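What follows is each chain in one-letter form.
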Amino acid sequence: AQSVTQPDIHITVSEGASLELRCNYSYGATPYLFWYVQSPGQGLQLLLKYFSGDTLVQGIKGFEAEFKRSQSSFNLRKPSVHWSDAAEYFCAVALAGATNKLIFGTGTLLAVQP
Amino acid sequence: EPEVTQTPSHQVTQMGQEVILRCVPISNHLYFYWYRQILGQKVEFLVSFYNNEISEKSEIFDDQFSVERPDGSNFTLKIRSTKLEDSAMYFCASSGMRSQETQYFGPGTRLLVL
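Chains A and B supply the protein sequences, listed in that same order.
For the first sequence, the tail end lands on 121 under this note's numbering, and the numbers increase by one without skipping.
For the second sequence, the tail end lands on 413 under this note's numbering, and the numbers increase by one without skipping.
Treat the hints as calculated values from the structure; they're not laboratory data.
Hints should not be assumed to be uniformly reliable.
Not close to chain B: a few residues of chain A, all C-beta gaps over 12 Å, as computed [what the hints assert, rightly or not]:
| no. | residue |
| --- | --- |
| 1 | Ala-24 |
| 2 | Val-88 |
| 3 | Ala-93 |
| 4 | Pro-121 |
Taking lysine-lysine and the DSS-like style, the derived pairs with C-alpha atoms no more than 27 Å apart in a straight line are [to be verified]:
| no. | chain 1 | residue 1 | chain 2 | residue 2 |
| --- | --- | --- | --- | --- |
| 5 | B | Lys-377 | B | Lys-341 |
| 6 | A | Lys-56 | B | Lys-341 |
| 7 | A | Lys-75 | A | Lys-56 |
| 8 | B | Lys-356 | A | Lys-56 |
| 9 | B | Lys-356 | A | Lys-75 |
| 10 | A | Lys-68 | B | Lys-341 |
| 11 | B | Lys-377 | B | Lys-356 |
| 12 | A | Lys-68 | A | Lys-56 |
| 13 | B | Lys-341 | B | Lys-356 |
| 14 | B | Lys-382 | B | Lys-356 |
| 15 | B | Lys-382 | B | Lys-341 |
Which bits of chain B does chain A cover? Going by a derived footprint, with three or more residues having C-beta under 8 Å, they are [as the list claims (entries may be wrong)]:
| no. | stretch |
| --- | --- |
| 16 | 334 to 346 |
| 17 | 402 to 412 |
Please read these numbers as outputs of a predicted model, since none were measured by experiment.
Idealized CB from N, CA, C, for every residue including glycine.
The shape of chain B in the complex, shown without the other chains (with noise of 0.2 Å):
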């Protein structure tokens, strides 16, 4: 079965750095999203992604935070200059033809900001 995956699984890094979270969505699925879930809190949207374009963003998702799909299977999610708060479980999904289908989830990136 098609699943969504993640790399890293977990990724430590100073504050002040950049990060950049991978993410290999469903082979025929035309959205990407990502989400990010901190600990002990409830899972929040950040952006949708779907023809090259973002469609759509969070408050959460400011300047410091950008996306891409450099080739026609990876979705990456760049944060440029990395804050304490920062930390959390980002997830990426993706869903198919049409916006209005189910999203399916990766395993998640536990980011840890120090």
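Just chain A, same shape as in the assembly (with noise of 0.2 Å):
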């Protein structure tokens, strides 16, 4: 069955320093690839997505990642966190075919640290 997994649940960063959040995948063929943001008591944004091309991605908020097809990876990158960036973090993968749907990851709650 496709899965999506975010190994890390809970992550503290202090302010300025880099973050990578990390995600795999599993699926028989290569999936459309998402992160979304969630602050408390907001909704799901999009922070980025990977259709095809350019393995390297980036999207708002100085965030970007990286689809690597041999390690069924899109992890999250910034170079340099600012405490504004704390929230959940969810991976999510499209199925390719007539609903879109998205099957998300457990996500990762990034703290940072002052």
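Build the complex from these two chains, which are given one at a time in their own frames, with help from the hints.
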């Protein structure tokens, strides 16, 4: 069955430090890949997406992610974290087909220390 | 910037009661979705809707659930007889002209069943 794994439930980084959030997927073909962010009490905001082409994708708020087919990974990175980045981050895959339903990982909660 | 809106933001109901959650998708979008997130768990797909009919539904979406697009702007999720385990955050999403397009999420409705 298709699945998305985010191995880190909770991460704490210092403001200004670099960040990498891991995401691995299990799927027979290359899915469409997404990162969403959820701030407390808010909905899900799209950070970036990968459909095809360049495997390094740029998103909003200075985030980027790299698709590595050989590792079935789509890790999210940011070179310098800001306090406002504290939120929960969800990796998701969309299965190509008629409905494009999203399958989400369990999320990584990011805390940012001053 | 267009956005998906949902009402109410919070709803408390008694077990066995019917609830209707409302969503206004982005106006030129054609694909509509409901997801839910039980507290502390991942976001789960419930149902997708296109061309006035359900495209796909998950195992969670049993006979107690129904969706409707009663007019040109609203998209509703009805739970006929709520159970305690229906307590969750319910997210509506919409996407554009093709199924393989980014889904934009609303802020969610937090449902509490007592």
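**Asked** Has the given pair, Lys-341 (chain B) with Lys-356 (chain B), been kept, meaning a C-alpha gap of at most 27 Å?
**Response** Judged against 27 Å, a Cα distance of about 17 Å means the pair holds.
**Message:** For Lys-56 (chain A) and Lys-341 (chain B), compute the direct alpha-carbon distance and say whether it is at most 27 Å.
**Reply:** 19 Å, holds
**Item:** Satisfaction of hint between Lys-56 (chain A) and Lys-356 (chain B), Cα-Cα up to 27 Å
**Value:** The hint holds at about 24 Å.
**Prompt:** Are Lys-75 (chain A) and Lys-56 (chain A) close enough, with their CA atoms no more than 27 Å apart?
**Reply:** 14 Å, holds
**Asked** Would you say the stretch 334 to 346 of chain B counts as covered by chain A, given the rule of at least 3 residues with C-beta under 8 Å?
**Response** It holds: at least three residues are needed, and the stretch 334 to 346 of chain B offers 6 whose Cβ sits within less than 8 Å of chain A.
**Message:** Does Lys-56 (chain A) sit within 27 Å of Lys-68 (chain A), going by the straight-line distance between their CA atoms?
**Reply:** With a Cα-Cα distance of about 14 Å, the restraint between Lys-68 (chain A) and Lys-56 (chain A) holds, given a limit of 27 Å.
**Item:** Hinted pair Lys-68 (chain A) and Lys-341 (chain B), Cα distance within 27 Å
**Value:** 23 Å, holds
**Asked** Since Val-88 (chain A) was said not to touch the interface, does its Cβ keep a gap of more than 12 Å from each Cβ of chain B?
**Response** It holds; Val-88 (chain A) is separated from chain B by about 23 Å at its closest Cβ, greater than 12 Å.
**Straight-line alpha-carbon gap Lys-382 (chain B) to Lys-356 (chain B), limit 27 Å** = 19 Å, holds
**Restraint status (C-alpha distance of Lys-377 (chain B) to Lys-341 (chain B) at most 27 Å)** = Judged against 27 Å, a Cα distance of about 21 Å means the pair holds.
**Prompt:** Within 27 Å, alpha carbon to alpha carbon, are Lys-382 (chain B) and Lys-341 (chain B)?
**Reply:** Status holds; Cα separation ~19 Å.
**Asked** Any Cβ of chain B at or closer than 12 Å to Ala-24 (chain A), or is the non-interface label fine?
**Response** 26 Å, holds
Checked against the numbered hints listed earlier, the structure breaks hint 9 alone; every other hint is satisfied.
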